[in-house]
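Enquirer: Note that the protein sequences, when read in sequence, are chains A and B. For reference, each letter of the first sequence is one residue, going 1383 to 1828 in the working numbering. For reference, each letter of the second sequence is one residue, going 63 to 719 in the working numbering.
To be clear, the hints were calculated from the coordinates, so they are not data collected in a lab. Worth double-checking, as some hints may not be accurate.
What the hints assert, rightly or not - To be clear about the criterion: a stretch of chain B counts as covered by chain A if any three or more of its residues have a C-beta under 8 Å from a C-beta of chain A, and this derived list gives those stretches:
hint : segment
1    : 559-571
2    : 632-642
To be verified - BS3-like, lysine-lysine: derived pairs with alpha carbons at most 30 Å apart:
hint : chain 1 : residue 1 : chain 2 : residue 2
3    : B       : 237       : B       : 319
4    : B       : 565       : A       : 1547
5    : B       : 572       : A       : 1385
6    : A       : 1597      : A       : 1448
7    : A       : 1494      : B       : 661
8    : A       : 1456      : A       : 1748
9    : A       : 1561      : B       : 607
10   : A       : 1385      : B       : 565
11   : B       : 237       : A       : 1748
12   : A       : 1494      : B       : 259
13   : A       : 1547      : B       : 259
14   : B       : 607       : A       : 1395
15   : A       : 1470      : B       : 661
16   : A       : 1748      : B       : 577
17   : A       : 1494      : B       : 575
18   : B       : 319       : B       : 88
19   : A       : 1547      : B       : 294
20   : A       : 1712      : A       : 1561
21   : A       : 1494      : B       : 664
22   : B       : 259       : B       : 151
23   : A       : 1547      : B       : 577
24   : B       : 607       : A       : 1488
25   : B       : 151       : A       : 1385
26   : B       : 88        : A       : 1547
27   : A       : 1561      : B       : 151
28   : A       : 1547      : B       : 607
29   : B       : 294       : A       : 1499
30   : B       : 565       : A       : 1561
31   : A       : 1488      : B       : 237
32   : B       : 294       : A       : 1385
33   : B       : 648       : A       : 1385
34   : A       : 1385      : B       : 577
All values derive from a computational prediction rather than experimental measurement. Beta carbons: idealized from backbone N, C-alpha and C, even for Gly.
Next come the chains, spelled out residue by residue.
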Amino acid sequence: MAKLITGNALLSKHVTRRDRVLLLNPPVEETRYSWLRWNQPLDLLKLGSHLKSEVGCGVELLDCMKPDATGSVKEDWLPRDRRYHTVKGERYPMRRYGLPYADIGKHLESVKRDDAKRMPSQVWVTSLCSYWYGGGLAQTCRVIRETLPDTEIMILGQAARLLPKQVADGCAADYVVTKVPSLPNEPSALELYGTVMPQFLGLQLHPKLAIAEVKAAVERGILKFTFFDDDICRDGGEPLREIFEKTKDLHKHLRYHLICGLHPAKVTPAVATVIADKKVAESHFEEADTGGEMDVEVYRQVRSYLREAGLIDVDNRLSGFVWIGRPREKLEQIVARSFHVLNHLEGLILKPFSPTPGSPEHLDNKAYLAGIPVQNWSPHFFPFAELNGIAREEYHDLYRMAAFLNEKIRDGSFDFLKGTLGADMLRESLRKEVWKLEPSPLRVVN
Amino acid sequence: MIGMRLGGIDPSILRELSGVYTPFVKAFKELISNAYDADAETVRVDFTPDFSSVTVTDDGHGMTPFEFRTDFARIGGGSRRWAGDRTRKDRLRIGSKGIGFLALARYCDRLRVDSGAERSFEVQAEIPEGGNSFDLLSFLGVPIPIELLQDRVTCQLRRGNRKLEEDKDYTWNKKHTRLTLDRVTETVNVKVRVDCKGLRFSSQLDFERLLHLADNADLEKLDDFATIEVTKVEGACPTGTTITADRLKQFVRRELKAERRKGFVRNISSRSGLEQFNWQLSRCTPVRYATPAENPNPAVSKLLTLPTQSTLAHLEVTHGETSTSLCRPVYPLASGVAVVPPDMLVKVEIDEGGLKVEGFIAGFESIIFPAEYRGLSIRVRGVSIGDPGFLGADNLLTGVSKAALSQITGEIVVLSGLDAVDTLNPGRESFYEESEQYKILRKHLIGDGEKVRGSLGLAIDAVIRRSSVRSGLADVIGRAALRRRALDDVSAGVSYLIARGDKTAELLRKMVKAKHSHVNGLASAKPIEVPLPPRIGGLSVIQSKDLSEATEIDYVKAQIRVDMSRQEWLWSFVLFDRQFQVILKKGDPDQPIAEADLKESKIYVNWGHPIKMQMDERGFLRTALAWVVAREAAGKEPDHMMDLALRLLSFNMQGDG
């Protein structure tokens, strides 16, 4: 069984300048992955910088989730025996997103065969979500173990941090890093991507570093940026504004995508100025919640700030998340919240909830969750459905409702038909088709 | 323009002969051949934008109006007869049958010829015994103004060995166009010489009118089917000939205008009409070989040396703004074509019975596209005889041998022989089978029996051998990969079940950590190796390791090296985090399907188990490994064992790549 170590121990005791470290972002097995194109192993990229600059060892990156030249990430149905995952009678189609395992094996095999100097002595595998360790992470470790039997395997990321015991038991690794090393001042080692850069770069809200990273990334041809931060409006939005102001003119096609950490309650006039700028391609607001009730006033305030910042006309760049699948929620609440969000923003995105291990939601429902395998904690399986007395089919109906509402509000595809019967029929027909989509009607929303 | 009577053209014969030249390009090539025979270096072909007419301009030595009348505008007036087998530049003449540009009769309404030559025209005549006069104009046959002829004609008359003298033995009339002998006793030879310096002519042949005549039309009564105008040019007379085929027939225009077929196109026949025309013209005219900047097959180029002066320096086809310089396409020299391996390249060299031939036949591992490249192209005097083919070998072959022909191309250059008039049919589309030299060629290329041998036989054998080596090797590697997949499936299944964290995970984890041994007989059974066949497709198989490719085939040494250090040949696999060695044993049928020695990390598989007869190697290995893992993990709990074995058996990584 793998040993548990901390991030600091990993960096100080387990890696030396004589090592060659392969950083690996593994494929993911999921029923749906709506934010697939925003998967980027930020922790590995920062570790890569640290290893190169501080440890001085050789570093390479294999990002199995990197989109190809057309911007799409490879995905396949799982083999027939695992094609459908059944949760309480509900069947979920399963896919593998990212590089096939056999291709990972071939990559490692070619490194081993063709260039002994590039043979990694350690492979550091990350995980973006805790409940993903059973699929892609475990199989990736097996492939590494099979191909490079003498190479040490370290598991990092959210699964290792939040479920260290399960990961150590379930994955054939040597070490599980329970505490992620904090490297706030390290830039992302983009050079590890070689000649084909990713299409975007994830940033953290440290102005000095972020500005330097954006400048370096623009020079490499990357023009899309987002923030991987829990709160991008902190300190009155000053860091966000500073980064934005100092980078927005670097390239005419540079765009920011505020996809997480944008809390309406924390939006200030300074943040609203940033959001209103055309350089911000999309802004998704987290749900404003005041202990069970939606804080509608906060959304009004946001709209007011945005209006003051010059964003008067509605457009498709703004949308709001509404949680679904949280413990003890009610369907009517979700529907009401959805309408509130749509009243103030142009789009609605339902955000399925997963209990983060160790979080209040987990601890409050520990006894209930103990009866559910961790793999089924994926938000797409709605682990609290039984607790809430809401059927999974009803959750799926909510997705359809969101698609319908978004379509009604956003879609202008047939405006040239000027509200004729033909336009209505086409919209109706499309909406029906949208509802048939599997596995994710959510994609249509986005 | 003055009407000119042409001899030797019968409309029915012309119609029939012109029909031999199909399609249009085969008739058109005669104009290029004529230019070549006239020692031209550069030939330009210009189509009008609507393909209504085409003009061929060459820089050859041109024609005098009298040569045109007597030698070109008639059937059967092959230049070889009157001018010898070689041109002034020592080129071997292509023309032999004397059909020439009359071949275009079916394809256009009118033909216009403009030419001239800075040389004298000499001809001999005979005044038979009893005759007493000689009419120069009717003898020359060209309606030329008398003032142009004066001072250009000299006549020498001989009676036996004696030279006759003017005014003594004969006298001219006032216009100097008719002479009268003083006595009529013996035959008199007249040698006429016309100095054509500064003369050019323009002639027009009205094919439409000619071909509409009844078969028995009296051509002597036709004055207006051919016209000619002879003019004097001041200063330097331009050399060369310009021939315009006017009012091309509708079906010809339609063919030339045809657009390229939509979608992915591989064959020439799917390309545009003009592209097809260019392709065919490049094969049936004496143009040089295309020499690519990056020649994939220099060995082939070496076998394609043509005698100097045997090709035109430049043949260009222009239509609108597009202009194409034609070179002869040879498949192995085309860009992007695979290298012809030495065992697939057959050198052709024949020197027998006056026939001298050089060239090559090349086989390829894949089917040749465009399909028009397939077959042997035989080049006599620089031009292909008909389309590429296999000299009838395709009728003798069946099955894989016949299929192999689609992977064979060749270029056979006849340096001498096979060019006699009685060897080639009109249009140079095929050889007469009774030609002795053709029989020699056929014997060397395809053999002379019921079986195809010769150079083509060698090429076919090489193609088939490669094909059988490839398929045999693919089968061996494929089976190894399937065996490996069985190991990977079980390995991945164990990882998957352990990661799930349920009861089976606990059992498997314990099994992987265990150090006991349940070996009971299989360990001591005779080990077997899944053998590599000693030979594949006639090549010996050698086990190697650390090769740059999974397999290396050396056809010259007749060896196949297989890299046994590759994953598919390894018999070890991972169960969670522990490496196990799989050892095949030739056990008894009543021994278990597999046994595990967890102490030594070894799993013995009974290759002699009867269930192996019921399934393929992959299925058997999966079953054996799943069974032994389930048995070792579940211990004495049969329900768990069955459950585990079935889960492992149903698990596969297919679809995960």
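Enquirer: Taking the numbered hints from earlier one at a time, note which ones the structure violates and give those numbers from smallest to largest.
Expert: Of the numbered hints, 3, 8, 9, 11, 12, 13, 14, 15, 16, 19, 20, 25, 26, 27, 28, 29, 31, 32, 33 do not hold.
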